[in-house]
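Residue numbers (our numbering), protein chains in the order written: chain A, 1 to 370; chain B, 1 to 330.
Treat the hints loosely; a few may be bogus.
[Unchecked claim] Computed footprint of chain A on chain B; a stretch qualifies when at least three of its residues, placed anywhere within it, have a C-beta under 8 Å from a C-beta of chain A:
1. 53-65
2. 77-83
3. 102-108
4. 215-227
[Stated by the list, open to error] Some chain A residues well away from chain B (every beta-carbon gap over 10 Å; in silico):
5. ARG92
6. ARG159
7. GLN163
Hints were generated in silico from the structure; no laboratory data involved.
Just so we're clear, the structure is a prediction, and the values are computed from it rather than from any experiment.
Yeah, the Cβ is synthetic: ideal placement off N, Cα and C, and Gly gets one too.
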Amino acid sequence: MHTPIENRNTHQQDITEQFPMKQIIDSEGNLVDDTYRNEINIEDCRKFYRQMLCMRTFDQKAINLQRQGRIGTYPGFNGQEAAQVGSALALREDDWMFPTYRDHAASITFGGSYAIISTWKGRVEGNRPPEGRNIVPPSVPIATQLPLATGAAMASRYRESSQAVIAYFGDGATSEGDFHEGMNFASVFKAPVVFFNQNNRYAISVPVWKQMNSETIAQKAVAYGMPGVRVDGNDIFAVHHETMKALERARNGEGPTLIEAVTWRYGAHTTADDPTKYRDNETENRKNLLNDPLSRLEAFMKSEGYWDAQWAEDFEKDIKSEIDEAVKEMESMPEPDVNDIYDHMFESPTWPIEEQKKAYMEYLKGGSEK
Amino acid sequence: MTTVKTNSMTPVQAINDGLRTMLQEREEMVVLGEDVGINGGVFRATDGLQESFGEDRVFDTPLSESGIIGTSIGMAMNGMLPVAEIQFFGFIYPAYEQVMTHATRMRYRSMGAFTVPMVIRAPYGAGVRAPEIHSDSMEALFTHMPGIKVVCPSNAYDAKGLLISAIEDPDPVLFLEPLKLYRAYKDEVPEGKYEVEIGKGELLVEGEDVTLIAWGAMVPVIKKAAQLAEEKGITCDVIDLRTLSPIDKDIIAASVQKTNRCVIVHEAQSTGGLGNDIISIVNDTSFLYLKSPIERVTGADVHVPFWALEEHFLPTPERTLHAVQKVMDF
Chain A
1 MHTPIENRNT HQQDITEQFP MKQIIDSEGN LVDDTYRNEI NIEDCRKFYR
51 QMLCMRTFDQ KAINLQRQGR IGTYPGFNGQ EAAQVGSALA LREDDWMFPT
101 YRDHAASITF GGSYAIISTW KGRVEGNRPP EGRNIVPPSV PIATQLPLAT
151 GAAMASRYRE SSQAVIAYFG DGATSEGDFH EGMNFASVFK APVVFFNQNN
201 RYAISVPVWK QMNSETIAQK AVAYGMPGVR VDGNDIFAVH HETMKALERA
251 RNGEGPTLIE AVTWRYGAHT TADDPTKYRD NETENRKNLL NDPLSRLEAF
301 MKSEGYWDAQ WAEDFEKDIK SEIDEAVKEM ESMPEPDVND IYDHMFESPT
351 WPIEEQKKAY MEYLKGGSEK
Chain B
1 MTTVKTNSMT PVQAINDGLR TMLQEREEMV VLGEDVGING GVFRATDGLQ
51 ESFGEDRVFD TPLSESGIIG TSIGMAMNGM LPVAEIQFFG FIYPAYEQVM
101 THATRMRYRS MGAFTVPMVI RAPYGAGVRA PEIHSDSMEA LFTHMPGIKV
151 VCPSNAYDAK GLLISAIEDP DPVLFLEPLK LYRAYKDEVP EGKYEVEIGK
201 GELLVEGEDV TLIAWGAMVP VIKKAAQLAE EKGITCDVID LRTLSPIDKD
251 IIAASVQKTN RCVIVHEAQS TGGLGNDIIS IVNDTSFLYL KSPIERVTGA
301 DVHVPFWALE EHFLPTPERT LHAVQKVMDF
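Using the sequences plus the hints, can you model the full thing?
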């Protein structure tokens, strides 16, 4: 029924040549493309590494909290830190981000709050961005945020603002109509938006080769007349610089870009999922560990003399206390306010909502419902 | 006292005038959809607007309902006032997900950090011999949806006033345009800006015996039915609901408490139709005033037939009169 990648047409070899996987450092931390040599410095390396480790620690903590029953189902991103952190660090403060439910590392890096995790405790407060940050609540349906991102970008262009927009989505999302509609509108209206795909090669249990019959996701950009870029999603330098370039194009009025960041998530789709049912997790993870975004950056930093054991020890301690503090804060949140169910539906509530709220409040007080 | 100048207009001209008025008034407003630009809309609702306001303000989009609504949501979130046209209401299904999952939820799920002040315009309804799907009136799919208002004018004055209110509304509004009435007759429509309040129905004719309730293209049907009833000595309150969500319950209660009888007419299918909500409102507000069960005259629970048979689907003044007699004779 499906055509395995190795049996596909030969023209797809040309595609691979047209959309090569861009790397700046390889999986062993060697610099393979020195185009950005002058832009790589110790400060950035440390920033990248610290933030990735922070996000990985946070992710592990969230999974533990779920296992302990302290939060509900949680979708981890462990392994995708370079894709999310590297792209988010390319944004300007006033840009817009349209994440999915799995892009906490991107949101938090972009100035979001750890409070986001409270959404997995069923708290709507987790969706509220910090003041002045255009971090849109994560999209739960697949690919529907892409036309929204395009629309926000169209507004930015219309209003002659230099704000750019980034939209995140996974490999499965490329099969949805809204992926194509969002891309097409963005291209037609030259919207300043970056479509940032994290191809982790599985949409829950369906591998990407059963998801689509094209060799790469990047090549889909051709159909929409926009640049398509394939990057090693575990190479934070490649991710960061390609995102920077795409954002610059967007701000210059040159329109959208599709970036495919090829990566791998070690863990399950969510804490409710069991990946051993559909993939050889142990073998795959072992293989992918060789490409790990943190260890390769660590290797690079060591070879450059940027690594310092004391620095590493210090910030690991900082990260731990930062995350412990965030969890403490989440767990000491006051009880949710029942009014929040009713009070954010419209700017002014309509009478059915007012009446239903009143009746329910009466009921809670033990009074008459009518 | 100043006199407001009026012009005689059809409903579709009034919609055009409303769009023009608001494009002048609100520079962040844009009109978008399939064929709304140079073509002026397939029904000419946007005729001449691109010429007056330019391609940045009034623009054609790719043929893509989800794309039109999705991008409008994004634009609205980022400071604009999009008025999106869906060429026929029956084509909105691909965009249903965008309305349900984003337009109506954004304010709630961001606790007000992001809002979606947009309008979706769509011609709806049967009786114009349109091809399949074009004639659907699935308003109940949207009145059932939390977080969106639904309005439906039946005349030119209301069409302009309600459209302006919809554009000014800080939340998403679905604006349904009765296709059959686009050019059915003319009204005096004031020049410039005025609003018809969302959420308020209108008592068009006063009577004593039965309350007739309808909206959009069914309003002329119940007006005609009231005339036929009067010939038989039965007088009717005739209510044009104008807003379908939230419904004006006060106007319904006041009338039913006076007449003690009620007939609801809508062309949409019966099961899950809006008539059932109106019965609930009467039940909640006026049950003990009723002298007879409430009657509904609606489309059957079938698809709007191919047009050679559509008159057997649509409520008529005669079918309405039949229901009026039934509530009188109970």
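#### Entry: Coverage of the region 102-108 of chain B by chain A (three or more Cβ within 8 Å)
holds (count 4)
### Task
Mind taking a look at whether chain A covers the region 77-83 of chain B? Criterion is 3 or more residues with CB to CB distance under 8 Å.
That given contact holds, which follows from 5 residues of the region 77-83 of chain B lying within Cβ reach (below 8 Å) of chain A.
### Task
Take a quick look at GLN163 of chain A and tell me if its Cβ sits farther than 10 Å from every Cβ on chain B, holds or violated.
8 Å, violated
### Message
Using C-beta distances, would you say chain A covers the region 215-227 of chain B, given that this needs three or more residues below 8 Å?
### Response
With 0 residues in contact (Cβ-Cβ under 8 Å with chain A), the coverage given for the region 215-227 of chain B is violated.
#### Entry: Non-interface label on ARG92 of chain A, tested against every C-beta of chain B at 10 Å
15 Å, holds
### Task
Mind verifying the non-interface call on ARG159 of chain A? Its CB should be farther than 10 Å from each CB in chain B.
6 Å, violated
### Query
Would you say the region 53-65 of chain B counts as covered by chain A, given the rule of at least 3 residues with C-beta under 8 Å?
holds (count 4)
This entry does not satisfy hints 4, 6 and 7, going by the numbered hints stated previously.
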